[in-house]
Every structure is written in structure tokens, then in C-alpha cells.
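2 protein chains.
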Amino acid sequence: MTERISGVLAPVVTPFRPDLAPDVDRWIAHCRWLSDNDVGLAVFGTNSEANSLAVSERADLLERLVAAGVDPGRLMPGTGTCALTDTIRLTAQAVRLGCAGVLMLPPFYYKGVSDEGLFRTFAAVIEGVGDSRLAVYLYHIPAVSQVPISLALIERLLKAYPGTVAGIKDSSGDWNNTQAMLTQFQPRGFDVFTGSETFLLANMRHGGRGCISATANVNPAAIAALHRRWQDDRADAMQASLDGVRAAFQKFPLVAALKTAIAHWGRDPGWMRLRPPLVELTEGQAGELIESLKAQAFSMPGLPAADRIR
Amino acid sequence: MTERISGVLAPVVTPFRPDLAPDVDRWIAHCRWLSDNDVGLAVFGTNSEANSLAVSERADLLERLVAAGVDPGRLMPGTGTCALTDTIRLTAQAVRLGCAGVLMLPPFYYKGVSDEGLFRTFAAVIEGVGDSRLAVYLYHIPAVSQVPISLALIERLLKAYPGTVAGIKDSSGDWNNTQAMLTQFQPRGFDVFTGSETFLLANMRHGGRGCISATANVNPAAIAALHRRWQDDRADAMQASLDGVRAAFQKFPLVAALKTAIAHWGRDPGWMRLRPPLVELTEGQAGELIESLKAQAFSMPGLPAADRIR
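Respectively, the protein sequence lines represent chains A and B.
If you're matching positions, the first sequence starts at 1 in our numbering and goes up one per residue.
If you're matching positions, the second sequence starts at 1001 in our numbering and goes up one per residue.
Everything labelled a hint here was simulated from the structure, so no lab data went into it.
Mixed in with the good hints, there may be bad ones.
[Unchecked claim] In silico SDA-like cross-links for lysine to any residue, where the CA-CA straight-line distance does not exceed 20 Å: (1) Lys1159/B - Phe1185/B; (2) Lys1111/B - Arg273/A; (3) Lys159/A - Arg133/A; (4) Lys1111/B - Ser172/A; (5) Lys1111/B - Glu280/A; (6) Lys1111/B - Gly173/A; (7) Lys111/A - Lys1111/B; (8) Lys111/A - Asp1174/B; (9) Lys1294/B - Trp1230/B; (10) Lys1251/B - Arg1229/B; (11) Lys1251/B - Met1272/B.
[What the hints assert, rightly or not] Derived list of chain A stretches under chain B, where covered just means 3 residues or more per stretch with a C-beta under 8 Å from a C-beta of chain B: (12) 8–18; (13) 46–54; (14) 85–91; (15) 105–119; (16) 272–285.
[Stated by the list, open to error] Residues from chain B that keep clear of chain A, each with C-beta distances beyond 12 Å, as calculated: (17) Asp1023; (18) Trp1033; (19) Glu1063; (20) Ala1067; (21) Arg1089; (22) Asp1131; (23) Thr1164; (24) Trp1175; (25) Arg1205; (26) Arg1229; (27) Gly1244; (28) Lys1251; (29) Met1272; (30) Ser1292; (31) Met1300.
For each residue, glycine too, the CB sits at the ideal point set by N, CA and C.
Here chain A stands alone, though its shape is the one from the complex (with noise of 0.2 Å):
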């Protein structure tokens, strides 16, 4: 890869039918939709439910994505599993098609691992695959991962796989965790990703890449202008608006907040639905989150509506 992917880009949730099978029709409408907006697609990450996706399903939705046109190179698939022959087969699959780079959990359900056998896992991944097109963004969630990737685990594999291992989605909410990458790693051509648009705006002030945001799965162009025009005198009032509009979704478990928005901007009650171990919304919550949206007026213009999906 030449150019690395920067800017916004959201994790895609996931549109769900009756029986819980993922609808892929109503999902490549909504990334179509995003990629309008000027936003990449982190499909496959912790809030499209990817983790309650079987990986071969995760592997037909890659394929026929790609197969309906979406532009590869906006594409940071999540391919991070517990497994590491999951793991290397959904990697590879991103590279054969074409994928910017994969977003990569570490193994994620033995606690307390050593780095020794993190590095160990993401070697084994990066050789297994093989292909000098493949540029790996560790994931840094620990919150839900419960598996942190250190400093030094990325200083580790900085110095064994150059080029190779190429940035961060930091989800830490920690900012003194962003800013010692930013300045250790990113001169390294390290690209640092925060984990929310709420510092996107300090994230490029200090030579950072972009954001990798749910809420980009519903405001995706404001976000994306933000990413823009960082260096505008209006910039501070536009994380100002951003931080106003997250904080509204923030109150509420955030897959079924984003699904709940999309459902009543596009008209379509089938978005509503999660697959289990997540809930939707009560009507209670859906109604609140509604009404604090629009006292912001917020809303998301263009979204494809049910009618016009298939």
C-alpha cells in the first residue's frame, strides 16, 4: 500500500432480519450511505455486533460488499477473533480483497496473557497471511477486550513488522494513552486513531489521523468535515456540536441508540433489531433519545428510507 487510509471512518452497524440473520441488502444500502457522507467503513467492529457474528458469515458480507461496488480502499474490515487461524482467514480474505488495512482485536478471552504471547499472536497472523499488501490497525479497547495492547507490545511489533503494522484504533478514552502514541509511534508512521470523534479535534492538533466512531454510523458528515477542516478558526465550536450530539446517544447502550436512530430517520422499525447477548431500546429510551436529538436538530439526511433499499 502506498497511501494510508486517514479521516473518519465508522464502525457499520449491522441491520439484522426477523430470523437474525444479518440483511446484507439494507447493510450495503447504509455503507453506500456512509461512504456518500465521506466516511470509510470499519465494517466488522465492536459496534457492528461483529463478535456475534460467525466468521463465515463475517466472510459473505466482506465478499458481496466489495462485490457491490464499495470502493476497497475505504475498507477496514475488523478481523480480530479469539482464534488464530480465524483470525489469519479473515485477514487474508481483506488483503486478496483489496481492503485498506484490517482492524485487528487481540485474542480476547484468555485474561491476563503476556505480551510475549500477543506478539506472538499478531507475528503468527502477519506470516500466516504473508502478503506485503497487509497493513494491520491494533485494536486498543480495553474496556470490553479486557486484553490491553501496550506501548511496549507496539514498540515490539514496530521494530519486527515495519510497514506492516501500520497504526492504532485507540478506544482507551484515555487521552495520555493517544498522546504517548502520537509521540512515540506516529513520527514512525504509526497512524493513531482515536476511538470516538470526542477527540478527533486534539487528535490531528498533535499529528493523529482521524477518529473511528459509532457515532459516524449517524452523523457521519459532520464528523467528516470536522476531520477536514481541523485547522478552521471554527473548529473548537464544531467538536463543541459533535460532543453535543454523542453525549445524546452516550446516555443509552450505544448499538441500540445508533440502530434506534436509524430506524426513525429512515422510517424503518426493522433496524431496531439486535442479535443477542444486545437488547434494543425500550420504548421509553427510544423515545427519549429521539426527542434530545431533535431538540439539537439533529438529523441524517439522505438516509436510504425501508422503501427504497431493495
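Please build the complex by placing chain B on the supplied structure of chain A, with the hints as guidance.
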């Protein structure tokens, strides 16, 4: 199923070849040795590194084990994964092969999920498999999964799926929790297995059915003997002896320690290998473990040596 499985089961450790693929022959030989020592096979447990195996690898191994003539009536494979559809696939296979039951982790990626979400998961698996032969043993191992199985969830599952929700492996290490389940649920045919032999005697004395324990991989005969003779005068002394052996293993990362003992007493260094993110013991740790086991006159009689496996 008319007669339920009981007694001592081992979460069978999984040997790996130099290329990190599962070593099927060594694995089946170890399964046979465990069966000969009166221990059932909870293959694909935490100590099996099952969560480091691809779903396809697990399915293939189980198929081969049954084809090799191991009695499926003594098998309780782990089938719980993060993904509903993978869990249904593995569970349906186990039922088709005639396994006595399945040991089912809750989906463990998302944390802080509701009992409603977990209920829907187990319900969707049970209904997705749709076979009256299915016996589900819930797997409560909060320190690793970080997703506990509450008493309220068990109550709800037992009411909705009596007969199918057959019991639990309680790896909380919290005797109060085990005792609460023995009191509330064992009388209703919900079979309680403790997650280690440390609580085997206490469990039997309170009406439980046995244990599913990592150290049954290395000390099967003695643990199975206590299960058979728990009403014996010598039962407390037998428990104390088991506790001594377990303490020696627990000083080290457990899976690596179990494999070290098998490698030593089986004169088969290949057994030392783990799949990342787990790593083997250092030479110093391995030496210390073997010495402390020898000091207790520990041995593994009849363990298949490397030259007898193929």
C-alpha cells in the same frame, strides 16, 4: 437423554504440531488415556485452548474423536462462542454425534450485558438446535469470560427449558455460589459440577454431581476415585491429597503447567507447545513444577509415550 452424565470430566488439553495445527493423534491418545482412567471428556474447555481454535477446527476434531471410537456418552464438548450462529452450529453437531451434553459459555465479547440478552441467546441456541436430545450445561467462569451467569438467569432458563437446561459448571471458585445452586436448582434436576476438584467432596456431600477440572488431565484416577468413594472414611484424606497436587500446578499458568507434566511423564516434549496467546513455562518453572510433583510421589501411570501414539 434418559441418564445424565455425572462424575469427573477433564477439559482435555489440546496438543499442537510445530505449525500450530491441532495434533489429532496425540489428542485422541490422551482422550483414550483419560477414558481408561474413568474420566469423561469435556473437550473444548478453557484449559483446552478451545477459544484459540477456529470453529471449523473444533468441528473437525469432534468428528474425528467420535469416529475413533470414543464413547460420545462420555463427551461434553464446549460449544459456547461469542457468535450465536457458531454456537448453534457446534451444538447441533454435538447432538447429532450423540454427545451426553454440551458445556456452553455465554457470549463473552460484550460486557455488562443484561440477563434478558443472555436469556435470548441461550433460548435462540436451544430453539435453533431444536432437538430434544440436547442437554445444556451452562458454564459460569466469571474471572475469564467476564460474563457471569446469575441465579436469576438460571431460574428463568430452567422454567422455559426444563430437561434441556441440564446443569452447570461453576468455575467461580466461590463455594457460596455453588451452594446456592445446589439448594435452589439441584433438587429440580439441574446438575451442579464444580469447576475444580477442590470442591469435589463438598459438592458430593451437598447433592452435586461431580467436577469438571483442569487437573483431571493429569491426575484422573485419583480424582475419579474420590468421586466414587466420597462416602468412604478416607474421603477427607483423599481430598487433601488431591489438593496438594492441584496446588503444585496452580503455582503456574495452568494450561502450560498441565502440558509440561504430560510432556515429562509421557517423555514427549511436543506436548509443551501452546497456541498463542498462551505461552509455555520457562525452563526454570518447568523444573520447579516437576520437582514439586515428584516430592508428592505424583506420577501418570500408563500415559501414552510419544513412540506409542502413531
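Tested hints:
Using a Cα cut-off of 20 Å, the hinted pair Lys1159/B and Phe1185/B holds, with the two alpha carbons roughly 11 Å apart. Proposed proximity of Lys1111/B and Arg273/A is supported: the alpha carbons are some 19 Å apart, at most 20 Å. The straight-line distance between the Cα atoms of Lys159/A and Arg133/A is roughly 18 Å, inside the 20 Å bound, and the hint therefore holds. A hinted pair counts as satisfied when its Cα atoms are at most 20 Å apart, and Lys1111/B with Ser172/A qualifies at roughly 15 Å.
Restraint check for Lys1111/B and Glu280/A: the C-alpha separation of about 16 Å stays at or below 20 Å, so the hint holds. For the proposed pair Lys1111/B and Gly173/A, the alpha carbon gap of about 17 Å is at most 20 Å, so the pair holds. Under the criterion of a C-alpha separation no larger than 20 Å, the hint pairing Lys111/A with Lys1111/B is consistent with the structure, at around 14 Å. Of the supplied pair hints, the one linking Lys111/A and Asp1174/B holds, its CA atoms being roughly 19 Å apart against a limit of 20 Å.
For the proposed pair Lys1294/B and Trp1230/B, the alpha carbon gap of about 26 Å is over 20 Å, so the pair is violated. Between Lys1251/B and Arg1229/B the CA atoms are separated by roughly 28 Å; this puts the pair beyond 20 Å, and the hint is violated. With a C-alpha separation of about 17 Å, the suggested pair Lys1251/B and Met1272/B falls inside the 20 Å cut-off, and the hint holds. Coverage of the stretch 8–18 of chain A by chain B is violated. Counting CB-CB distances below 8 Å, 0 residues qualify, and the rule asks for three or more.
With 5 residues having a Cβ less than 8 Å from any Cβ of chain B, the stretch 46–54 of chain A passes the three-residue criterion, so the hint holds. Coverage of the stretch 85–91 of chain A by chain B holds in this model, with 3 residues showing a Cβ closer than 8 Å to a Cβ of that chain against a need of three. Only residues whose C-beta sits within less than 8 Å of a C-beta in chain B count toward coverage, and the stretch 105–119 of chain A has 11 of them, enough to reach three; the restraint holds. Judged by the Cβ-Cβ criterion of 8 Å, the stretch 272–285 of chain A is covered by chain B as claimed, because 5 of its residues qualify and three suffice.
Here Asp1023/B stays apart from chain A, with its beta-carbon at least about 14 Å from theirs, past the 12 Å limit. Listed as a non-interface residue, Trp1033/B keeps its Cβ farther than 12 Å from every Cβ of chain A; the least gap is roughly 26 Å. Listed as outside the interface, Glu1063/B is consistent with that label: its C-beta sits roughly 17 Å from the nearest C-beta of chain A, beyond the 12 Å cut-off. The claim that Ala1067/B lies off the interface holds: its Cβ sits roughly 21 Å from the closest Cβ of chain A, which is beyond the 12 Å cut-off.
Here Arg1089/B does not stay apart from chain A, with its beta-carbon only about 7 Å from theirs, under the 12 Å limit. Non-interface status of Asp1131/B relative to chain A is upheld: no Cβ of that chain comes within 12 Å, the nearest being about 18 Å off. Look at Thr1164/B: its CB is around 17 Å from the nearest CB on chain A, clear of 12 Å, so calling it non-interface holds up. For Trp1175/B, the non-interface assignment is confirmed: its Cβ lies about 22 Å from the closest Cβ of chain A, beyond the 12 Å cut-off.
The Cβ of Arg1205/B lies farther than 12 Å from every Cβ of chain A, with a closest approach of about 32 Å, so its non-interface assignment holds. Every CB of chain A lies more than 12 Å from the CB of Arg1229/B, the least distance being 35 Å, so the non-interface label holds. The non-interface label for Gly1244/B is consistent with chain A: the shortest C-beta to C-beta separation is roughly 25 Å, beyond 12 Å. For Lys1251/B, the requirement that its beta carbon stay farther than 12 Å from each beta carbon of chain A is met, with the minimum near 15 Å.
Remark: the non-interface label on Met1272/B is consistent with the geometry, its nearest Cβ contact in chain A lying 14 Å away (cut-off 12 Å). The non-interface label for Ser1292/B is consistent with chain A: the shortest C-beta to C-beta separation is roughly 22 Å, beyond 12 Å. The beta carbon of Met1300/B sits about 25 Å from the closest Cβ of chain A, which is more than 12 Å, so the claim that it is off the interface holds.
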